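Engineer: Protein chains in written order, with our numbering: chain R, 65 to 771; chain H, 5 to 161; chain W, 49 to 320.
These are calculated hints, taken from the structure and not from any lab test.
None of the values given here were measured: they were computed from a predicted structure.
In the EDC-like style, the derived pairs of lysine to aspartate or glutamate whose C-alpha atoms are separated by at most 16 Å in a straight line are:
(1) Lys94/W x Glu75/H
(2) Lys169/R x Asp86/W
(3) Lys135/W x Glu127/H
(4) Lys304/W x Asp761/R
(5) Lys707/R x Glu127/H
(6) Lys168/R x Asp29/H
(7) Lys94/W x Asp57/H
(8) Lys120/H x Glu121/W
(9) Lys135/W x Glu128/H
(10) Lys273/W x Glu316/W
(11) Lys707/R x Glu128/H
(12) Lys168/R x Asp86/W
(13) Lys94/W x Glu72/H
(14) Lys707/R x Glu126/H
(15) Lys85/W x Glu171/R
Computed footprint of chain H on chain W, listed as stretches where at least three residues anywhere in the stretch have a Cβ under 8 Å from a Cβ of chain H:
(16) 51 to 65
(17) 76 to 83
(18) 91 to 105
(19) 137 to 148
Ideal placement from N, C-alpha and C gives every residue a C-beta, glycine not left out.
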Amino acid sequence: MEEISRSVVKKDHAAKVSGRSIYVADYPSDGVLTGRLLHAKTARAKMIGVELPELPDGYYYVDARDIPGDNNVNIVLDDMPVFCRDTVEYIGEAIGMLIGPDEKKVEELLGEIKVYLEEMEPVLDMRKAEKNFFEYNFGHGDVGQAFAEADRVFDEEFETGYQEQAYLEPQGMMAEIEPDGRVFVHGSIQCVYYVHNALKRVLGCGDEGVHVLQDVTGGGFGGKEAWPSILACQVAVAAKVTGKPVRCVFGRREDMEYTSKRHPSYCHYRAAVKDGKVTAIDADVIYNAGAYSTLSAVVLQRGLIAAPGIYNIPNIRIHGTAAKTNTTPSGAYRGFGGPQTFFAVETLMNHIARELGVDALAFKEMHIAKQGDLTSTAGRYHFPVPVKEMIEEVDAACDYRKKRAEYASPQTGRYRRGIGMSMYFHGAGFTGSGERDLIKAVAKLRKYSDDTVEILAANGDIGQGVRTTFSKIVAHELGLPLERVIFEHPDTGRVPDSGPTVASRSLMVVGELLRRAAIHLKEIWADGKEQEVEERFKEPDFVLPFSIETFEGDAYPTFAWAVNAIELEVDTYTGVAKVLGAWGDFDIGTPADYNVALGQMEGGFLQGIGYASIEKMDYNQYGRIRNNSFSDYLIPTTMDVPKLVCMFHVEKYPDGPYGAKGAGEVPLVGAPAAYVDAMEQALGGIPLNHAPFTAEDTLAAIRKEAI
Amino acid sequence: MDAIRFTLNGAEVSYAGSAADRLLDVLRNNYRCTSVKCGCREGECGACSVLMDGVLVNSCCVAMGAVEGAEIVTLEGYRETKRFAALADAYGQVSAVQCGFCIPGMVLASEALLAKNPHPTEEEIREGLSGNLCRCTGYNAIVNAVAIAAKEGDGLW
Amino acid sequence: MVNGRSAASLQEALKIRANEKVVPYAGGTDLMVENRKDVTYLFLGKVPELRQITADDEYVRIGAAVTFTEALESPLVPALMKEAVAKIAAPAIRNAGTFGGNLGNGSAKADSVLIEFVSDAKLRLVSVRGERVVDVDAFYLGRKKLDLMEDELIAEIWLPKEGLEHYYYEKVGGRNALAISRISFAGVYGEKDGKITKCACAFGAVADTVLRYRDLEAMLIGKTKEEAKAEKEAFLAAYADRMVLTQGRVSAEYRKDVCLNLLRAFLEKFGI
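This is chain R alone, in the form it adopts within the complex (with noise of 0.2 Å):
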């Protein structure tokens, strides 16, 4: 093990481990007001006016009218409002905010809101939609020439649901004026720069007007990149109005129901089979985005990148949307587009290879890229790709291959087992020239005359850990002791913008920028002195440019990389899987600590095994999302993957900090794909298309093919 990977105990564990961390909610509510939400119970309609109760003293409503700036939430496209326009667009959509000391007076008083809204018949079904926020269409080598001279032709579809981020802390935000008047918000964040370029627009101020800190932040997931710009929004709005601090904080029916969770998939896939391999593949993909455009481009962006997996096909055709629709805005969550994609190809691979009568491992083999070869958007795999070392350690780990053909002869009894495999990648970083184009990080070290250091970098703890990598890195460089490092919850008033806590990239761009920045002011060290470096983002010189317009050149400038295998037991009388096993292997360059690590991919992969079987979410014929509580919404505890095994493959990065490259959302990615492989192979070895895959799908294929 190098010696960055040694764990040490958390920097912020005794304080979480006590329950003395103070997340949003927590602080005392002495001159706070409670602010909570008037939500549009419609999914599409012209908003004709509210008729307000009488208002007590000290209660106040506010909406689009109260807002200084621009009722615009700054995400990619100018859609989202921060409150609703003159049209309702989704069941859930915030029209106003009602705002007083007592919150069982507010919900009283929300209760009495009449809200007149002329009702339209709502867009619900993604394939239908009227409009697309996004379009691309990319590929490369002659499609329709595969397709002609193919010996045979595949045609499928694939479907996924969608997936709840269900972070144990809602949603949170408050907002108070200071005594300078520069608006200062707080609460459960993960990129507080998202949140203050936000508010700047919204308030009509500058950098001087507005600051944001992330409080302790009880988990994000992808949950909490987009949203608490909107939140922070609406409390700020109400902060100005009041001129008191205002609190909001979601309750769990209320976050489920209204948040943006993982993009609902349609994908149509074609490919080309040739003397047993596949040379073209055609990929229609559509992404349900929901009322607004939110995060939507990024997300399909990086859902198209992997739509031909890992594997090299000479020629692809990839054509994706993000649809609108008159639902929850879906949103970032852990894969970022990518789990969508990779359980439609690696699933049509078993597919394709079960109906040439080949082993699906050895047909997927024959096809995976190698250093070097074409990514889909005619960008390098730079660096080794180490998928069939992996695959033979997983098949070490459990046994896969001898497990695969004992489970293939037919089975007969009330309980059948079945065992698959999924392998891909996630582009580590930001999709494309984001780094280097927008993001442009910054981050620095400041040395006190006590001789300690305080990182000032932007990147959030939502429980991954960066408090504690990040520090390991400069106390390493700096050969100091972890204590004297300090790394706080950033506040854009202190610290500069070195970006989001989002992509997998915390650790692997920004902490290369530390460490570097450790480096050097190790060069200047005097002690007792104060001293500051700062170090920004450069990037490497092996970098084939990305154009966003053609979808060429290098989408990442490397890839974590996985391996899958997942076990099961299905029993054909209920149609409840009983998952044996799960085994992961991942290569994320070199841990930065190793139980850090691990922690993510045991989380990541669990969460991956719930997407794939349990958590089911939908929305009812008015647009209306009905598993919206953890009564309905059901993910693992902890007695549903009780064995659950993760291992690392080390394929150092060299521009990531001793190596290290994107590790948060590798692991929940491929999930999809292996369980479904799994039951396919339990019941028989019928095709299946979609996920979540539940106990009563499993009941309703044996109904249909009469198993």
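Given chain R, work out where chains H and W should sit, using these hints.
Structural biologist: Quick look at chains H and W alone, frame taken from chain R:
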């Protein structure tokens, strides 16, 4: 009307509010026990777990009237014990704490389990923590931490 | 206390129940989720008469305020009941949730109630006017409708001491813990001198109340195993014909498939 008397972390207290109020809200709002987290208000996540007369309960599902005469322990009290120190150390060894929101409940569930069964098997640990959702860790580290605490804190339970 | 009444004895509880509009509160695990506004709870957790598990010659008597955890730790409670109760939610809920509450909530998903149905349990209901003992299936009038007068409390559940040894139980939830039943099944089997004496089958969480069809059970009573085997498909078909299930978190069709499969598994377990 008489106030509701109970013991909170060893101190005698009385609550004059409604007997229908939730223990969760009263602990957080009236006694500043902010280690008790609100994750769902429906008994489905375990973040608000406390010990009531030594057994684990979800404080969101307890009305104050039921607390009359009871002994309530939250992490604010429990963290002063040797048992807590053993659990905290074990959780730290394996980095079982990520976002931390489920952790106060998880620690008290660990205590409730070990108090009943000082040498649990892995399966018994998983069963003992099964009402406490964690979305970060995948549970392995937490289960390992409890096993470590049981071993290293031998004699405490 | 404000907005609440607490009783230290059953007598006191019954007086309050008779004279005031109160909602009986035992464990709170269902009531607090309902989050009813403006209620006055009658707290029963400290009523000693409701907190005991005792046995007479015929019945194990479980007090209405006995928690599931307490039942799991009692040597008196039959294995079938323990198996069902052990699968309720998770420790914190089992520590608070009670038998009386499970009944009083009126849900067909209640895991202990399924066992009460299949075992022909009786309920002792008490009021200041006196007491009455009713069969559990007569107590359930419909969805959330119970044969419980405004002044009555559920005092005890009487489970037969004998005849529950041979059973088949299965709970289908959405996951392995913290799961509300989506379908539950309990079957109790008995035979004497080579003839089937008992074939009780109860289905939970699939309709407004727990389902049991005594006339269909009678198809196998008095038969030998061989005769029952010959009758098996007709028996299953009769259930398929009779069961009209509702849609809940899962479809009615799925529920029916599973019910019939579990009914078959029950027969298979006992060699039919």
